Amino acid sequence: MNSKRRVFLKGTLATGTVGVAVGAGLLTPSTVLADWPKAAFQANSLSDALKSALGSDSHSSGDITIRAPDIAENGAVVPITVESTLSGVTDIAILAVANNAPLTSSYKLGEGTKAFVATRIKMGETSDIVAVLKANGQLYSGTKEVKVTIGGCGG
Amino acid sequence: MSSIRVRAQIEGGVTNVRALISHPMETGQRRDQGGNTIPAHFITEVKAECNGRHVLTANWGPAISRNPYLSFQFEGAAAGDTLKLSWVDNNGESDTTEVRIS
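Those protein sequence lines, which keep their order, are chains A and B.
Going by our numbering, 173 is the number at position 85 of the first sequence; the sequence numbering is gapless.
Going by our numbering, 91 is the number at position 90 of the second sequence; the sequence numbering is gapless.
Source of the hints: derived by calculation from the structure; they are not laboratory data.
All of these numbers come straight from a predicted model, not from anything done at the bench.
Treat each hint with caution, since some may be false.
[Stated by the list, open to error] Listed next, the in silico DSS-like pairs over lysine-lysine satisfying Cα-Cα at most 25 Å (straight line):
1) A:Lys196 with A:Lys126
2) A:Lys139 with B:Lys48
3) A:Lys139 with A:Lys202
4) A:Lys126 with A:Lys139
5) A:Lys232 with A:Lys139
6) A:Lys232 with A:Lys196
7) B:Lys85 with A:Lys235
8) A:Lys196 with B:Lys85
9) B:Lys85 with A:Lys202
10) B:Lys48 with A:Lys126
11) B:Lys48 with A:Lys196
12) A:Lys196 with A:Lys139
13) A:Lys232 with A:Lys202
14) B:Lys85 with B:Lys48
[What the hints assert, rightly or not] With beta-carbon atoms standing in for the labels, derived distance ranges:
15) A:Ser175 with B:Glu12: 14 to 22 Å
16) A:Gly143 with B:His55: 14 to 22 Å
17) A:Asn188 with B:Gly81: 43 to 51 Å
18) B:Asp96 with A:Gly198: 14 to 22 Å
19) B:Asp33 with A:Asp151: 44 to 52 Å
20) B:Lys85 with A:Ser133: 21 to 29 Å
Even for Gly, the Cβ is constructed at its ideal location relative to N, Cα and C.
Sequences and hints are given; from them, build the entire structure.
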């Protein structure tokens with residue numbers, strides 16, 4: 089019984105220390121988010137988002153297929169598939185140009201990972217979807233317009 | 002129960018991964034009925050590893066839909082290998098799951 093009490097005290101002491109560390113700003117959420125490219129996700133323009141996420145905004149059109157509905161009734165859930173036959177793809181970024189912050193997501197591919205990503209994004213209004221791929225250090229892009237009936241960002 | 006549901010199936014040397022994560026993905030722009038802003042709460046990073054090898058890292062913003070879906074494909078795995086999928090959100094919450102490639 090006594091030993092249980094010891095364990096209990098030890099436990100409270102430990103949480104206490106963590107709590108103090110958080111309180112003192114030693115463990116802020118920003119430390120947790122160390123790797124997250126905040127600037128890229130807050131950028132308001134396509135070019136700033138690309139510079140921040142992929143290091144450059146100069147891109148040429150490449151062999152990239154974007155599968156998305158022509159008309160999305162609900163902007164809160166728009167399925168997007170990006171696929172390419174390009175070889176040596178290391179990065180994929182998916183942007184909704186008309187969103188306040190265009191960058192929706194970016195992906196780093198390991199060796200042997202195909203140039204293929206599918207997800208579902210939110211769109212505020214009708215917009216071009218731009219997919220930018222980095223292959224052998226060069227950026228390539230593809231575009232597809234998606235018309236949105238009801239926007240899915242505010243509410 | 003894990004917040005991640007994932008399937009990994011191999012066909013012709015290519016492993017096809019499909020994952021669904023339960024997460025609110027709040028943008029920080031919505032208001033509740035009282036007019037108060039609902040704080041942003043979204044997954045920032047999803048990582049996939051196969052037998053300890055890096056397969057894919059996704060950086061997500063709040064523009065990914067609620068209860069996110071993610072699918073990707075990779076080569077170099079065999080049936081029976083383990084695929085590990087984990088996520089971290091902007092509040093520091095996280096979850097991890099492992100699945101056998103079939």
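Discussion item. Tell me the numbers of any earlier hints that the structure contravenes, in ascending order.
Written reply: 7, 20
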